[in-house]
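Engineer: Next come the chains, spelled out residue by residue.
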Amino acid sequence: MDFFFMFFSLLIVLSSLGVMLFENAIYALVSLLFVFFGVTGFFLLLGADFVAVAQIFVALAGIIILFLFSIVISRSTYNIRWKMPLQLKGFAVAISVLFFVCLIYIIKSIPWEVSLDLLAPRPTTARIGDLLLTEFVFPFHLVGVFIVVAIVGSVLFLRSEKGAE
Amino acid sequence: MFNLINMLLVAAFLFSAGMFVVFSRRDSIGILMGVQLFLSSSAINFVAFSRFVTRQIEGHMVALFILIVAAIQVSLFLAIVLRVYKERKTSDIDEIQDLRE
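Residue numbers (my numbering), protein chains in the order written: chain E, 1 to 165; chain P, 1001 to 1101.
Same shape as in the complex, but just chain P (with noise of 0.2 Å):
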């Protein structure tokens, strides 16, 4: 039961989780979780196959940048959402669709 293939579904499914969010939500923090989503399932698919085909760490290497380049993409994404409601009062992204001042 924990081999490589079906770490490789969850992650999969994670996958589609993510994009099933970002495609129904509605609202733009909504939309963050769905890309957390994706973000999660590829540091997962790294580390399985670094530990499952490559025996080396490079694998790991790279789950950490994710990791870190996720959180930083999070705090950028909710400066910028938290200044759009600031003007717009409300996260809507049906509302905030032009690109005026």
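Only chain E is shown next, with the shape it has when bound in the complex (with noise of 0.2 Å):
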């Protein structure tokens, strides 16, 4: 258990180290790739069967394949340069650091209560099924309404005025 949970997160540490750093885009898109492989892994640690699957579905096949192509639509059809610039300013690297110490600091001095008796992890589907449709029907229904939304105003702000109407 904590060989994977040393490989999962060197994993996830280096591949977001890659996506800050590579200047090439597609390669920071393979970076955070594995950045998701890492989280999966993550899930899979911490007994979350469907919310790891849930996440190879919805990141790594859907959002990867989603920054993929706009990488490669949003380029100029003349002269495919792949290398967008970085401007590494030292704003960015004094928050982000700055911002890290704080919350290491804060996670070590306050006194979690992790529960003692640490079961082994149950399946978690039927009861994930159970609670949406029951306590979070709200959300459920909400995000569905959210995602006809998306669609419905993806397609009609992509849609071009020249068209044929």
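Since the hints were made in silico from the structure, they are not lab data.
It is possible that some hints are incorrect.
Unchecked claim - Rough simulated footprint, nothing fancy, chain E against chain P, three-plus residues with beta-carbon under 8 Å:
| id | stretch |
| --- | --- |
| 1 | 1001-1009 |
| 2 | 1012-1026 |
| 3 | 1033-1040 |
| 4 | 1056-1068 |
| 5 | 1074-1084 |
For every residue, glycine included, the Cβ atom is placed at its ideal position computed from N, Cα and C.
Each of the two chains sits in its own frame; use the hints to bring them together as a complex.
Structural biologist: Below, the structure is given as structure tokens:
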């Protein structure tokens, strides 16, 4: 268990360093893919089986493909330059490091009430299905409406005015 | 090694990495990658608390909704970016600064 935790946290740390530092957008996208792999591994370590598989479907297969196609489409069609310049502002470094140090201090100084009886994690899918239709029915339907709004909005927004009406 | 505090520290690193990406990248799609790092770290936090502190499953529900809303947000944001790219022929945020038509 410790080995898997070390492996996935190393994967997440190195891949987020890749997202930060790569200038080429496609390289940064592949690093983001590995970050999502690491996050899936973390979900599995924490016993969240349904959330891990949902992460694979939604983030790995959906979001990455959306990013990839938009990176490919939003280049100039005549001279395809993959290199997007990255301006390393000292401000960004200072703010991020300061924020991280504050977070480390806060996390280490709060006495978290970790529950002492850590049983083996149980399968969560049935319980999530129960909760989605009883306690979380309002967010569930709201997210459904949100998806429809996003689909209709994207199609309307990207339609060109000079097209055949 | 596998306890709550180390999980929270990795999520905090992801969050500050996302913050650095949002502040230092010049293209709109790179900024959205930083926002994805924000959302992933929040989801890890929720599921870690659900496993270690409360033994309930509401943390998993919130992580699910975070995932879904992140995907919707990505698609809408990319629609906007592609539309702006069609008009302005660039996706550099330093050049897309005014809201004129």
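Engineer: For every hint, state whether the structure bears it out.
Structural biologist: The hints, checked one at a time:
1. Figure legend: the stretch 1001-1009 of chain P, annotated as covered by chain E; annotation consistent (9 residues with Cβ-Cβ distances under 8 Å, at least 3 required).
2. With 14 residues bearing a CB less than 8 Å from a CB of chain E, the stretch 1012-1026 of chain P meets the requirement of three and the coverage assertion stands.
3. With 5 residues bearing a CB less than 8 Å from a CB of chain E, the stretch 1033-1040 of chain P meets the requirement of three and the coverage assertion stands.
4. Here the stretch 1056-1068 of chain P counts 9 residues with a CB under 8 Å from a CB of chain E, which clears the bar of 3, and the coverage holds.
5. Using a Cβ-Cβ cut-off of 8 Å, 9 residues of the stretch 1074-1084 of chain P lie near chain E, which meets the minimum of three, so the contact claim holds.
Checked against the numbered hints listed earlier, the structure breaks none of them; every hint is satisfied.
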